[in-house]
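J.: Sequence:
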Amino acid sequence: MPGPYVVPVHGDSDLPKEVDVVVIGGGIIGTSTALELAERGLRVALCEKGGIGHEQSSRNWGWVRISRRDPREVPLMAEALRIWNTLDKRTGRDLGYTRAGIMFTCATDKEYAEHERWNRNLEGYQFDSRMLSGGEFKAMFPNANLDVKGALFTSADGRAEPQKAAPAIAEAAREKGATILTECAVRGIETSGGRISGVVTERGSIACSAVVLAGGAWSSLFSGNFGIDLPQLKVMNSVLRTKPLVGGPEQAIWSNGFAVRKRQDGGYTIASGHENIVDIVPKSFRYARHFLPALGKEWRSLKFRLGSRFFDEARIPNRWAMDEASPFEYNRVLDPKPSAKLSDLALANLKKAFPVFEKAEIAQRWAGYIDVTPDAVPVISAIDAIPGFHIATGFSGHGFGIGPAAGCLMADIVTGRPPIVDPKDFRFSRFSDGSKIELISGF
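Numbering (our numbering), first residue to last: 1396 to 1838.
It is possible that part of the hints are untrue.
Below, computed lysine-lysine pairings styled on BS3-like, alpha-carbon distance capped at 25 Å [unchecked claim]:
1) K1831 with K1678
2) K1746 with K1533
3) K1747 with K1533
4) K1754 with K1698
5) K1819 with K1831
6) K1505 with K1544
7) K1484 with K1571
8) K1533 with K1544
9) K1746 with K1698
10) K1544 with K1746
11) K1732 with K1638
12) K1505 with K1747
13) K1638 with K1746
14) K1736 with K1747
15) K1754 with K1533
16) K1412 with K1571
17) K1678 with K1732
Label-pair ranges, simulated between beta-carbon atoms [said to hold, decoys possible]:
18) S1824 with N1713: 19 to 25 Å
19) A1709 with S1528: 28 to 34 Å
20) S1696 with L1640: 24 to 30 Å
21) E1719 with S1824: 27 to 33 Å
Everything labelled a hint here was simulated from the structure, so no lab data went into it. Note that the structure is a prediction, hence the values are computed from the model and not measured. Cβ atoms here follow ideal geometry from the backbone N, Cα and C, with glycine treated the same way.
Could you build all of it, start to finish, from the sequences and the hints given here?
T.: Written out as structure tokens, the structure is:
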């Protein structure tokens, strides 16, 4: 099942002997971090086991939103919106970014009150975000068949094209001096005196003084090989895109039965905003105690499945030597089979709400694995146990929009600059220092 077409990035042929920082992972987090570091004059090598942006960074919905985020992410997302506004110019490439607004509908008075309460998190920020009445919603979408109490509408939110973004940022990083290495898995890290001194890739070693792991769904496996226990699991979301369609909504909309956003080509990306598949795998049991509080709040939106994925992951070794092929060399791209049932249901619900979609023709389907943490908040942090080692992962389905700012924050931490936002809520040590790990439901 081929994934979405991604703008190709051809990797550099020469492996550098030494750099300042190695970034592991060529998604939007890794490429954004590499660009920030390269712009600051550091020597950077970005290593990707497959192709740039070929996993979740190209498979997400393409939403760039501050609305309905976990409040702990709001300050960083405010920075992200600022960065997105100039990212086309900065990279010299078209990322398809536009501010068209995002709408979260409210079917009940309770939902309306919850959205209204959430919207107070944006007080003090200069972003237009407001509650609409049912009548105002109807006036905006006169042809819609949605019976809603109202909606949260954030006009400052926007959209971009996932199949373009990470490749564009990677190419911009290369123009600033970074080395971009594709089909180049990192097998592990090397240390000297307890500190990072290099990495071992399938093509040889690279000396460095800092490493940033931005490996998405692979991060827990990679870090576990040298004793860093990162509680992380995967959730699968299925998506379809349509051929160009005239007359659909310009704004992205999240409703109880569907999530939809217009694409740059005039088609639409459609998915279920409330139903995801969770494959039961060996690590489901290992990290069960970490995720039980989240499960208690979100179980209605999760469809658990025991199947071949359990045995696939059971066969993956948790430890490997540097001189042997790593698991990353046997699986270059996570490309799960999408659930036609869930995406077809989302499209059917969308057709009921917006009859114009009766004319929609399906162009492609795909699925992607979202890397999640127990509190659905990312790790953007130095790792105290190994000076020079850093992790930026676990974005829990929120990574595309926040990615450019996450890369900036990670670069701040690596270089010791004053951070653009307080990184305390993103520290890795929260999983072991006795902090209460809390999922704020609905975000």
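J.: All hints, please: hold or fail.
T.: Comparing the hints with the structure gives:
A C-alpha spacing of about 22 Å is found between K1831 and K1678, which places the hinted pair at or below 25 Å, so the restraint holds. Distance hint between K1746 and K1533 is fulfilled; the C-alpha atoms sit about 17 Å from each other, no more than 25 Å. Simply put, K1747 and K1533 have alpha-carbon atoms about 15 Å apart, close enough for the 25 Å limit, and the pair holds. Restraint check for K1754 and K1698: not satisfied, since their Cα atoms lie roughly 30 Å apart, outside the 25 Å limit.
For a cut-off of 25 Å, the pair hint linking K1819 to K1831 stands: about 13 Å separates their Cα positions. The hinted pair formed by K1505 and K1544 meets the criterion: a straight-line CA distance of about 10 Å does not exceed 25 Å. A threshold of 25 Å between alpha carbons decides the hint, and for K1484 with K1571 the separation of about 14 Å falls inside it, so the pair holds. Between K1533 and K1544 the alpha-carbon distance is near 10 Å, which keeps this suggested pair within the 25 Å criterion.
Between K1746 and K1698, the direct Cα distance comes to roughly 24 Å. Compliance with the 25 Å bound is thereby established for this hinted pair. Note on K1544 and K1746: the hinted pairing holds, with a Cα-Cα distance of about 20 Å set against a maximum of 25 Å. As the CA atoms of K1732 and K1638 are separated by approximately 21 Å, the hinted pair is consistent with the 25 Å bound. Restraint check for K1505 and K1747: satisfied, since their Cα atoms lie roughly 23 Å apart, inside the 25 Å limit.
Between K1638 and K1746, the direct Cα distance comes to roughly 15 Å. Compliance with the 25 Å bound is thereby established for this hinted pair. Distance restraint check for K1736 and K1747: the Cα-Cα separation of roughly 17 Å lies within the 25 Å cut-off, and the hinted pair is therefore satisfied. Distance restraint check for K1754 and K1533: the Cα-Cα separation of roughly 22 Å lies within the 25 Å cut-off, and the hinted pair is therefore satisfied. Restraint check: the Cα-Cα separation between K1412 and K1571 comes to about 18 Å, which is no more than 25 Å; the hinted pair holds.
For the given pair, K1678 sits about 21 Å from K1732 by alpha-carbon distance, which is consistent with the 25 Å threshold. At roughly 22 Å, the beta carbons of S1824 and N1713 sit within the given window of 19 to 25 Å. Distance hint check: the CB atoms of A1709 and S1528 are about 53 Å apart, inconsistent with the given range 28 to 34 Å. Taking the beta carbon of each, S1696 and L1640 are about 27 Å apart, inside 24 to 30 Å as hinted.
In this structure the hint that E1719 and S1824 lie 27 to 33 Å apart at CB holds, the actual value being about 32 Å.
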